[in-house]
Amino acid sequence: MLRVLLAIWAGKLAALALRALGRAGTHVPGIVARKIHPGIIGAIRHPARVVAVTGTNGKTTVSNLLAEALTHQGLVVASNRNGSNLAAGVTATLIGAVSWAGKPKADIGVFEMDERSAKLVLPGLAPDILVGMNLTRDSIKRNAHPAYIAWIVSSALSEKTTLVLNADDLIISSLGTENNPRVFFAVDKLPTDGTRPHGAAVDVAICPVCETTLDWNYWRFNHIGKAVCPTGDFRSPDASYRARDIDAAAGTLSLDLDGDVRSAHLINTNIVNVYNEIAVAATLDVLGVDRDKIVAVFDEIEPPTTRFDTERVGDTAIVRLLTKGLVGVACSRAFEYLASFAGRKTAVLNIDEVSERTTDVENTAWTYDADYEYLADDTLEQIVVGGVRRHDQALRLAIAGVDTSRIVLVESEVDAADAVELKGASGVFNLHSVHNAEITGNPVQKRLRERLGARS
Amino acid sequence: MSLTIEMLYPEIANLHGDNFNITYLAQCRPDARIVRTSLTDTPAFVSGAVDLVYLGPLTEKGQIAAIERLRPHRDRIEALIESGTHFLFTHNALEVLGQRIRNDEMGYDVSGVGVFDLESTLSMFGRYSGKVMGSVPGLATPVVGYKSQFSMVSVSDTAAATSIAPFLTAARGIGRNRATALEGVRRNNFVGTSLIGPILVNNPHFTRDLLARLDPNTEPVLAHESFALAAYESRLEGFRDEKRWHAHERLT
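Chain order of the listed sequences is A and B.
Each residue of the first sequence is one higher than the one before, starting from 1 at the first, in my numbering.
Each residue of the second sequence is one higher than the one before, starting from 1 at the first, in my numbering.
Just chain B, with the same shape it has in the complex (with noise of 0.2 Å):
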């Protein structure tokens, strides 16, 4: 089968390479159709069927500008959810998914889309860098990334705080925020995480997962594959040396 990939709002949400998360994929799957739908489209996702919505790292202002455009979706995207449609929401994106934003310093507080019961708290000041190791459920292999940020995330005051699902454990480095190791959401074949590296690109094994579930009746080819393996081995073990890890990477 042929893949379909949209990528949402690509003009804004372009930050920091990861969009080359959907550059690499499409080199994974030359035959896959890439739908690019800008901020002043309807999504494609909204009245056909497409495999794999994704949403990159936004400003501040674009995060906004991405929730009033997604807001009037909601329903259809819990939907899409729900029937195991593949989502990829990385850096910032997932906040835009969840119940509020609050900028203290920028001066605003506003209602995210409101699929997921998260809060996003943003510090200007306080970026928050940092690596991140951790296991996903079903992948025998750490995922690693990087964690470059000004927002935390918690669980709404609402919800149970382990009633979302997480889509990686962190070993090392912190999760959604430094109080917790759960980091991003995994509903069905939602992922949505703060990860960037871009994560597609640093997780081979990963990311040969996502081909194989997103069309089983294909054998996942990785694009350039020894020089990802090469990076991927190169990074976990300096992932996985004690002496790389400081102090504001560790939970507190």
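For reference, chain A alone in the conformation it holds in the complex (with noise of 0.2 Å):
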């Protein structure tokens, strides 16, 4: 027990510290306090009840929600929602919702998890309920594959935890065993939907039992969507809460809570956010919500920042687009918004990997796993792709069947703002990675702002 303190004093004496030297605090505490206690994860005094939201969309958006609506529902909310969603993160969280003495401050902890960090995290913190978005591919040189973190997830789950899971997932829906307590999520089908899957990451196509290749109901990306075999070996689990009737002009949508069908404010259209939306919908009545209480939080609640951004300089959009460099599955759904823009657009592509490019030589094979192939349309008139492994992006345009003589190739990745053509365009896409946001992204949208404000 004395140890326990150690850590937790240690903690927050560190947190005091970081804040007096004005910084967030949020992930060096935990780091000091499990150098005290490996264990603390575990030995801390949890809140009363405790969530935790992992996969790899939609964990920060889910987790900030539910904090924010469990928040109106009057309850003191631990949640790492400002930190880190490693250990440490989480870690430094659970030490700020205990007193100096070791005692709960909070009545419920809301933890966003790290798919990875899985097992460095649930076993300690043994969540009453986890909540599973998805498992897409991410980062080959730390993910691996889908099925892999799945197994690093479910390796680490207790048998006692609710899973609260995403049915139109068939990689997250299988987490954890027969013994846990679940229930699903599903978004119905869409008229957008289809029934055949295409793309590079298609991580479930056949049957589990059998191995036939599956059916879809309807297919959504990836490997997202309602499946059955053809044999009758296998099909996608039931969800208890379901969204459907979304109707972006009225800002609606129906939730079907275990058969009580809700209208509600849909707080945002993307479809990711409509799984986010049903998600916290149907983890708020498994802890037991009043259900006219859940509908209206959609009201007061909304996500934050999207990962688009759109401008209008006269009569053009400067649309800004965060493509997540080294995750193939991001940048498609980027690649997929670009080419559902109508009219005539150009798009300056900068998404090379900053931190290798001076220590490292990027291993671009994660841009096979990204459809690029919504790019080869005659609406996107050019792409001038700038950075470091230039000719590597125009290589993969170019197998993806973008014409050639569309691909621009400029050195400098904010020159590349300068190349490109903005004549007769609609629309003029910023696409840029994350870590280059600030030093690309930034300089590109104000040379574009420029250019287009001198013209009109």
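Treat the hints as calculated values from the structure; they're not laboratory data.
Do not take every clue at face value.
To be verified - Computed footprint of chain B on chain A; a stretch qualifies when at least three of its residues, placed anywhere within it, have a C-beta under 8 Å from a C-beta of chain B: (1) 35-45; (2) 143-157; (3) 391-398.
Stated by the list, open to error - Okay, the calculated beta carbon distance ranges per label pair: (4) Thr379(A) to Ala79(B): 50 to 60 Å; (5) Ser47(B) to Gly194(A): 26 to 36 Å; (6) Leu229(B) to Ser405(A): 11 to 21 Å; (7) Ser226(B) to Asp415(A): 42 to 52 Å.
None of the values given here were measured: they were computed from a predicted structure.
We put the CB at the ideal spot given by N, CA and C, even for glycine.
Two chains, two separate frames, one set of hints: put the complex together.
This is how it looks when you write it as structure tokens:
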């Protein structure tokens, strides 16, 4: 017990010191505490209830929305929403949620958990509820493939944890054992869905029982959809929590809460956020929040800034699009969005991995996990590629079927903004990665704005 | 002549973008016939003529599934290798043809198809990622690529370490494991390599050589040649820079 208290005190002192220096102190206090007591996540007293949220996409948004929604219910919520989702960040939040004597101060903890960190976090945290959003391909180097991540999470999971899982993801929906209590959420068939998977990253294509190629009642992207084995050996789980009747114009959708259908405010039209909304609703229902309050909460909460941002200069839209390098699946969604933009467009593409420019030679295999084929569209009249790996990007674009006369290569990422054709374009896209957002994304945006402003 | 290229089990063997090896090859030879063989099909090479048999990166479960499907055809695979049929097995697909795959963390130790005297050991919390640059016999330019894998491969105890010719000898980076510069397997026209990239996209000179070997009577043409060569030269320049090589990429 003394060691636990020492770890708590060290963590709290570290947090105080960091805050005095003007830093957030959401990670280092956890590192300090874990050095004193490596098992502090399990040894420290937890809030009365603990919810963890994990998955490749949506975990940040869903944990933030859950924390906000539960705060609206008058609960004291401990959450790592402003900090790290690794073991140190979870530890720092747990320490912040107890007094100096180690007594819990929060009613409930909501933790975003990096899925790769499950081995370090889950055994100690032992959440009452684990929300699983999806598992799709991520960094080849770090995450290998989604089934590997599912194995890590399942291996670390207590059978007492209630699972709230995405039924439309056949990998994450298989987490845990048959002893885990579980409910599923899903988004019903949409007009834009298909029935045949396509693209480079389809991670579930065969029946897990007989290996026959699956049929799809609806297929959305990657392995997301509702599948059935033609031999009858297998089908996607039935979801008791479902989103449907999405009306973007009216800003509403229907939330089917285990047979109780309610109309609710649509927090965002992007399909990813529809999944986030139904996941939040399902989790609140499992937590026992009154259903009237569940529906009402969507009038008051909204997702953080999305990965795209549009500004208009004269008749032209500048669309800034976060295109996460090293993660092909994320790039595919960005390219799909670009392709869906009506009218003639041009693009600046800068998605080299900054951290590997001078100290390594980037493994661009991930670009072949991304569906650059969306960019082989006649309405995309020019793509200016900047950066160290521009030749690799050009080759990938050419293999995808992009007319090579439309590909322009510029060594400087920022100068790519000067080379892109603006005349006649309804939209000019600024595609950049996460790590070059400030050094490339911002100056490109500024130059595009200046050039368009000078024309109007 | 028209080429027939068989992709084995693309519904499960499709990680790390490596199936673009075949997409690119097909763009170099638009007349090629691509046969996609699923797990529930009998491979085309079993009863017919195929110019190139390809198997790409698999999940751990996928490796076991591929072993089960290919094991009945072991003798046929060996005969085709001996008679000079081209094979390209990338990433962990080569391990499928070895003697044994051991994965303590996931709790299995399985026999492979048994074509090569190789054993693979997986370390699920010790994924290796690094660069490799090496020489391939008969090719004037280096082959470059990447490893990103849980497995290390070694020659079986019962076989002499030098009994299996490598695909390449690494000048930089590691080979089949951290203790050898010998990477992959080359037997006649069989190429097995753990390198991803995809290797045929990243190495236009090697691809041109492969095209010439596949069809000696047709002048090989590289798709998007200027882009492919520029990308190769740029990567090679980086690979030749000593500062970009790290301690874990050196042999132990």
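Flag every earlier hint the structure violates by its number, smallest first.
1, 7
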